[in-house]
Amino acid sequence: MRIEVKDIRKGFRGKQVLDGISFAAEAGKCIGILGGNGSGKSTLLSILAGVQSCDKGSFFCDGKDLFRDSVLRSTLVGYVPQGTPLIEELSAKDNLSLWYDREAMEKELADGVLRMLGIHEFLKTPVCKMSGGMKKRLSIGCAVAKRPPVLLLDEPSAALDLDCKARISQYLRRYKEKGGILLLTTHDVYELPLCDEWYILRGGVLVPFEYDGDVSRLVKSL
Amino acid sequence: MGMYFKLQCKRVWKLLPRLLCALMALLLGLGLVFFSTMKSDSESENKTRVRLAVVGNAEDTYLDMGITALETLDTSRFALQVIRMEEDEARTAVEQGTIAAYVIIPDGFLEDAMRGKVHPLTVVSSDNAEGLTSMFKNEITSVISDYVLHAQKGVYGAADALRATGISEGIGDYMGRFSLRYAEVIFRRSDLYEVQELGIADSLGLGGYFFCGISVVLLMLIVLPYAPLFVRRDSSLGMVLRARRLGSFGQAAGELFALLLGLFVPVLVIALGLFGMNLVSDGGLIALLGTELSWLMVFGVIPVLVMIGALSLLLFELSRDLVSGVLLHFFLTLSLCYVSGCLYPVFAFPESVQRLSVFLPTGIARSHLAACITGEGVLLSGLMLCLYGGVFFALTVFVRRIRLQKGRG
Numbered sequence: 001m002r003i004e005v006k007d008i009r010k011g012f013r014g015k016q017v018l019d020g021i022s023f024a025a026e027a028g029k030c031i032g033i034l035g036g037n038g039s040g041k042s043t044l045l046s047i048l049a050g051v052q053s054c055d056k057g058s059f060f061c062d063g064k065d066l067f068r069d070s071v072l073r074s075t076l077v078g079y080v081p082q083g084t085p086l087i088e089e090l091s092a093k094d095n096l097s098l099w100y101d102r103e104a105m106e107k108e109l110a111d112g113v114l115r116m117l118g119i120h121e122f123l124k125t126p127v128c129k130m131s132g133g134m135k136k137r138l139s140i141g142c143a144v145a146k147r148p149p150v151l152l153l154d155e156p157s158a159a160l161d162l163d164c165k166a167r168i169s170q171y172l173r174r175y176k177e178k179g180g181i182l183l184l185t186t187h188d189v190y191e192l193p194l195c196d197e198w199y200i201l202r203g204g205v206l207v208p209f210e211y212d213g214d215v216s217r218l219v220k221s222l
Numbered sequence: 223m224g225m226y227f228k229l230q231c232k233r234v235w236k237l238l239p240r241l242l243c244a245l246m247a248l249l250l251g252l253g254l255v256f257f258s259t260m261k262s263d264s265e266s267e268n269k270t271r272v273r274l275a276v277v278g279n280a281e282d283t284y285l286d287m288g289i290t291a292l293e294t295l296d297t298s299r300f301a302l303q304v305i306r307m308e309e310d311e312a313r314t315a316v317e318q319g320t321i322a323a324y325v326i327i328p329d330g331f332l333e334d335a336m337r338g339k340v341h342p343l344t345v346v347s348s349d350n351a352e353g354l355t356s357m358f359k360n361e362i363t364s365v366i367s368d369y370v371l372h373a374q375k376g377v378y379g380a381a382d383a384l385r386a387t388g389i390s391e392g393i394g395d396y397m398g399r400f401s402l403r404y405a406e407v408i409f410r411r412s413d414l415y416e417v418q419e420l421g422i423a424d425s426l427g428l429g430g431y432f433f434c435g436i437s438v439v440l441l442m443l444i445v446l447p448y449a450p451l452f453v454r455r456d457s458s459l460g461m462v463l464r465a466r467r468l469g470s471f472g473q474a475a476g477e478l479f480a481l482l483l484g485l486f487v488p489v490l491v492i493a494l495g496l497f498g499m500n501l502v503s504d505g506g507l508i509a510l511l512g513t514e515l516s517w518l519m520v521f522g523v524i525p526v527l528v529m530i531g532a533l534s535l536l537l538f539e540l541s542r543d544l545v546s547g548v549l550l551h552f553f554l555t556l557s558l559c560y561v562s563g564c565l566y567p568v569f570a571f572p573e574s575v576q577r578l579s580v581f582l583p584t585g586i587a588r589s590h591l592a593a594c595i596t597g598e599g600v601l602l603s604g605l606m607l608c609l610y611g612g613v614f615f616a617l618t619v620f621v622r623r624i625r626l627q628k629g630r631g
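So the sequence lines, in the order shown, correspond to chains A and B.
Heads up: the first sequence is residues 1 to 222, going by the working numbering.
Heads up: the second sequence is residues 223 to 631, going by the working numbering.
Looking at chain B on its own, in the form it has when it is part of the complex (with noise of 0.2 Å):
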C-alpha cells in the first residue's frame, strides 16, 4: 500500500502546479474585488453624511457653544454635518439637495427659554427626507433641548440663587465651568449604551459568515481537477492490485491520502494569500471577518477536507466517466452548498431547511469552520465530519468492491 500511496502523490504532485496557478489567479481576482469593496465602502460613508442647516438666530454663545460641540464632539457627527446659513441660502441648499434639512430657530428663542417657554423650531427638508427630518429631530432638538434648555436653566437658576444669597463675585466664571461640566456629560450620552451583535449565524457577522461559506464552496470545487486522476472506466489496474492482495479497502485508502495532500496544499497557499492579504490591507481582512486569522482556522480544515476528500472519491467512484463525475460532482456541490447556506444566508430559508441544514455535511462544514474562527465547538463539528468521512469511505470502498468482483475491466 505505501508504495501505490506514493505512486498516488506523485499523480496528485504532476497536478499541483497547475492547480496553484488557477488557484493564484482566483485569489488575485478575489482579492482586487475585497479591495475595490472596501474602497467604495469608505467613500460611500463619506458621502452618506447627512449634512444639516442652522438657521436664525445663532449668535447666542451658548447655542454656537451647543452647536460647535455638536460639530465637533457628539457621536452624531458621524452621521451628521450641521452647518450654520442664512435661511435663503439653506434653502437653494436644500432645493438643489446639498443639504438634507435646515432648522429655524427663531428669535428670542434662548432668552424664552431660559423662562420656561419654549417656542418650536421649525425644521424645513426636501419632501424625500422624511426619514432625515425624524433623525434631525432626535439628534438636534434632543441635544438643544438637553443642553440649552435644561442645562442653561440650571446653570443660570444657581446664578440666580448665589446672587439673590449676596454672592456676586466670579459668578460668570463659575457659569462657564457649570456649562462646560453639563456639555461634557450630556455629549458622553452614548457610554451609557453598550451594542451587542449577535452576528448572522454562528456568532459570526455577515463577512465571517460567507467566508465560511463560500470557503467550503471553494474547497469542494477544488477537487475537480483532480477527477481526470480518480474517475476510471477501467478497472484493471485495481483488479491486478487486488490479485496481489491489495483490497478495494487499501486502494481508496492510498487514493484518499494522496487526495487529502493533494487538497490541503491549495488550502495551505489560500491561508499564506490570506495572510497576506490582511497585512496589505492593513488588517482590513480582520475588520471584514471580525475576528483574528489564526492557524487553527488552516489546521481546523482538515477534517473539512477529510469530508470532502472522502464524498469526492465516492462520487468519482460511481461515475463511469469524467464528464458525468465531474457534472455529478460539481451539481451535488452547488445543491448541498446552496441548501446549508453556503451560496446564501441560511436564515432566508424555510425553517425545514434550515433544520436540514444542520445535518448536513456542507452545513457541518461551514458551522465548523464557523467554529474554528470563533473558537467555540470545534471537537464537536471536527468529529462529524470525520464521521460523514469514514461512511462516505466505506461506500466508496463498498463501491469498489462490488466494482472489481464483477470484474468491470
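Here chain A stands alone, though its shape is the one from the complex (with noise of 0.2 Å):
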C-alpha cells in the first residue's frame, strides 16, 4: 500500500495556510510533521480525513482518489483529532459501540486492538471520569474499529504521562509493524523516533528535516 499528498492548498481569509503540501509514504512507515501553533499541521489532517475540504490537490491510496470516494476514504482512513471525540457522558463500551458492532469489540477486547490499548480495564468508566491517558487510548481505540490502513493522529500524546505514552507509543509501532501507515503531527520528542521520515510545516509549505536526536537543531528550524 501506498499514499500520496499532492499540492495541497488552503486558505482562510486570504492567508494561504498550506500552499501545495506534497508527500508520499510506503506501508509500514510512519510520516511526522511539526511545527509551530497554528501552522496548519491540525488543517492538514482533518482535510486528509475528509472534514475539512481544500481549495485544491489529491490524496491517493495505491492510485484511487480519496477525495472524491468518501466511502472508500472512510474505510481505509483512520483519524484521532486533538480533541476528545468521545461522549462524555456514557462508558467507554458505549462510546466504542459507536464504531464497532458487538461481536468485533468483544473479540477486540479478548485479543485484540483493545486490549493492547488497555481499554478493558476502564470499561464500564464514563469518559468524564477517565484520565487524559484513557481517552487518548479510547479514541485511538475507536478509530481504529474498521482495522483502516492509514491512521492520521493529531498530536497523539499531547499532556499525557509518560506511562501512557508508551503504551500509546508501543501501540503505534505494533500497527506500523502490520504494514499500516502513520501520519501524525506532533510537539513532542518522545514520539519522533516513532517517525521514519520528519517535515516541517512552516510558512504553508512541508520542509524535509532529519531527526538524528539533536533537539535544539530541531528548536532552531522550527
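I should point out that these hints are in silico values taken from the structure, not numbers from a laboratory.
C-beta: ideal position from N, C-alpha, C; glycine also.
A few of these clues could be false.
A short, non-exhaustive set of chain A residues, derived as facing chain B with CB atoms under 7 Å [unchecked claim]:
1) V51
2) Q52
3) S74
4) Y79
5) P81
6) G83
7) P85
8) E89
9) L98
Capping the alpha-carbon separation at 27 Å, the derived lysine-lysine pairs in DSS-like fashion look like this [unchecked claim]:
10) A:K176 with A:K146
11) A:K178 with A:K146
12) A:K146 with B:K228
13) A:K129 with B:K375
14) B:K228 with A:K107
Chain B residues, not near chain A, derived (Cβ > 12 Å throughout) [unchecked claim]:
15) M225
16) L248
17) G388
18) F471
19) L482
These two chains come separately, so use the hints to put the complex back together.
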C-alpha cells in the first residue's frame, strides 16, 4: 500500500495556510509533521480525513483518489483529532459501540487492539471520569475500529504522562509493523523516534527534516 | 446514524430521572397553589354576598311572599341576602357594616300601590355602598314594582271584575293561584337572556389562556437541563463523525430526535399529573380551563416540541460554553414568551406587538395549544410550528457545518 498527497492548498481569509503540500508514504512507515502553533498541521490532517475541504489538491491511496470517494476514504483512513472525540456522559463500552459491532468489540477486547490499548481496564467508566491518557487510548481504539490501513493522529501524546505515552507509542509501533501507515503531527520529541520521515510545516510549505536526536537543532529549524 | 441516535437517547435517558423529580416537585407546588386558589375563591364568593335588610310594613301576605321568593327563588339570591329587621336594628347593622343597606317600606305602601299610588321606598346605606344601592334599586325595587304593583294590580283587578259580574265563589283561591303563576313568570326573567362569553383570546377564558401561555414557557424551560448534553466546546466528535460520513445533518438529526424524546416524556408525565389533578379536584381543573382535558392536547404538543427542540439545539450550537448557552436560552425564552403574551395577556400590549406576536414561534405555540383545547385550527398552527422547526433545524445544520469546516476542535 502507498499513499500520495499532492499539492494540497488551503486559504483562510486571504492567508495561505497550506501552500502546495506534497508527500508520499509506503506501508509500515510513519510520517511525522512538526511545526509551530497555528502552522496548519491540524488543518492538513482534517483535510486528509475529509472533515474540511481543500481549495486544491489530491489524496491517493494505491492510485485511488480518496477525495473523490468518501466511502473508500472512511474505510481506509482512521482519524484521531486533537480533542476528545468521545461522548462524555457515556462509558467506554458505549463509546466503542458507536464504531464496533458487538462481536467485533468482544473479540478486540479479548485479544485484539482494544486489549493492547488496555481499554478493557476501564470499560464501564464514564468518559467524564477518565484521565487524559484513558481518553486518548479510547479515542485511538475508536479510530481503528474498521482496521484502517492509514491512521492520522493529531498530537496523540499531548499532555499525557510518560506511562501513557509509552503505551500509545507501543501500540503505534505494532500498527506500523503490521503494515499500517501513520501520519502524525506532534510537538513531542518522545514521539519523533517512532517516525521514519520528518517534515516541518512552516509558512504553509512542508520542508523535509532529518532528525538525528538533536533537539536544539530541531527547535532552531521550527 | 442509528447508533448515534441510540447513544444520544441514552444520554438523555440518564438525565431523565433528575429532570422528572424536579418536574414532580414543580407540579406538586403548582397543584398546591391551584387548590389553595380554588378554595379561597369559593370562600370569598360566600363572603362577597351582599346583605340587605327590609324594614317597615312587611306584614302584608303578598309582600311577604315576594320577599320570600326573592330570598329563595330569584337568581339574585346568589348575590343578595335579604333579611327582615326592625329599623333601629337595621341602622345599627349598617353602621357596623354587617349589612350593606336597608329599605324602608312605608305604612300602607301596598294598599296605596293597589290603588295606583306609589310611595317612594327609602334606601338607607353607608357612604361607601353607592354601588350596592344601585344594585338594590335594580333588584329589590324592580321585583317589588314588577311583582307587587303590576301583578297585584292585575290580580286584584281581575277579582274586582269577577265580583262586578256577580261571581264571588272561590275568588280567594283563584287570586292565590294567579299570584303564584305570576311570581313564577317574574322570577324566571333570567331565562329571557343567554350569556355568551367570547373569552379573552383564542376563544379561551383567562384560566385557559394562561394554561397555554405558561405551558409554552414551561416547555421551553424544560430544555435547559439538557444544555450540558448539547452545548459543546469540543467539536472533535463531530469531526470524526464527519470523517466517517455522518455529516452535520445526520448528527443534528440524531441529537434533535433524542432531545424530542427527552422532552416528550416529561410532557407525558405532566399530562398524567394534570389528569390526576383533575380527578382529585373533581373536575376543578376543567372548570379552570373551561374545557375537557383530552389526549389531543397531549399529542398536539408534539409540533410545539419540534419547534422548541430545534430552536434550543440552534441556540446550543451557537453557544461556545454552557453558561452562555443557558443564559442565551433563558433570556431568549423570557423575551419571546413575554412578547408573545405567554406571561401576560397579549391584548394588553400595543397593537404593533400584538401583530408581531402572531408570527413569533412562541405566539404560534400558544395559539396552537389553545387550538388543541378548542379543537379548531390545529392543523394550520401545527404546520407553522413544524415549518419553524424546519428552519431552526436547517440553521443548526448550517452552523455545525461551518464549525466543522473551520475545524474547531
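Here is what the structure says about each hint:
1. Interface hint at A:V51: satisfied, since its Cβ lies 5 Å from the closest Cβ of chain B, which is below the 7 Å cut-off.
2. With a cut of 7 Å, the hint placing A:Q52 at the interface with chain B holds, because the nearest CB-to-CB distance is about 6 Å.
3. Nearest Cβ of chain B to the Cβ of A:S74: about 5 Å, under the 7 Å cut. The hint holds.
4. Interface hint at A:Y79: satisfied, since its Cβ lies 5 Å from the closest Cβ of chain B, which is below the 7 Å cut-off.
5. Residue-level restraint check for A:P81 holds (minimum Cβ-Cβ distance to chain B is 4 Å; threshold 7 Å).
6. The interface hint given for A:G83 is met, as the beta carbon of that residue sits about 3 Å from the closest beta carbon of chain B, less than 7 Å.
7. For A:P85, the interface hint holds, since its Cβ comes within 7 Å of a Cβ in chain B; the closest pair sits about 4 Å apart.
8. The interface hint given for A:E89 is met, as the beta carbon of that residue sits about 5 Å from the closest beta carbon of chain B, less than 7 Å.
9. With a cut of 7 Å, the hint placing A:L98 at the interface with chain B holds, because the nearest CB-to-CB distance is about 5 Å.
10. Restraint check: the Cα-Cα separation between A:K176 and A:K146 comes to about 16 Å, which is no more than 27 Å; the hinted pair holds.
11. For the proposed pair A:K178 and A:K146, the alpha carbon gap of about 15 Å is at most 27 Å, so the pair holds.
12. For the hint pairing A:K146 with B:K228, the CA-to-CA distance comes to about 20 Å; that is within 27 Å, so the pair holds.
13. This hinted pair does not check out: A:K129 and B:K375 have alpha carbons roughly 95 Å apart, beyond 27 Å.
14. Proposed proximity of B:K228 and A:K107 is supported: the alpha carbons are some 22 Å apart, at most 27 Å.
15. The non-interface label for B:M225 is inconsistent with chain A: the shortest C-beta to C-beta separation is roughly 5 Å, within 12 Å.
16. Consistency note on B:L248: stated as away from chain A, and its beta-carbon is indeed over 12 Å from all of that chain's, at 24 Å minimum.
17. Residue placement check: B:G388 keeps its beta carbon more than 12 Å from all beta carbons of chain A (closest about 104 Å).
18. Consistency note on B:F471: stated as away from chain A, and its beta-carbon is indeed over 12 Å from all of that chain's, at 14 Å minimum.
19. Non-interface status of B:L482 relative to chain A is upheld: no Cβ of that chain comes within 12 Å, the nearest being about 18 Å off.
Figure legend: structure checked against the earlier numbered hints; hints not met, in rising order: 13, 15.
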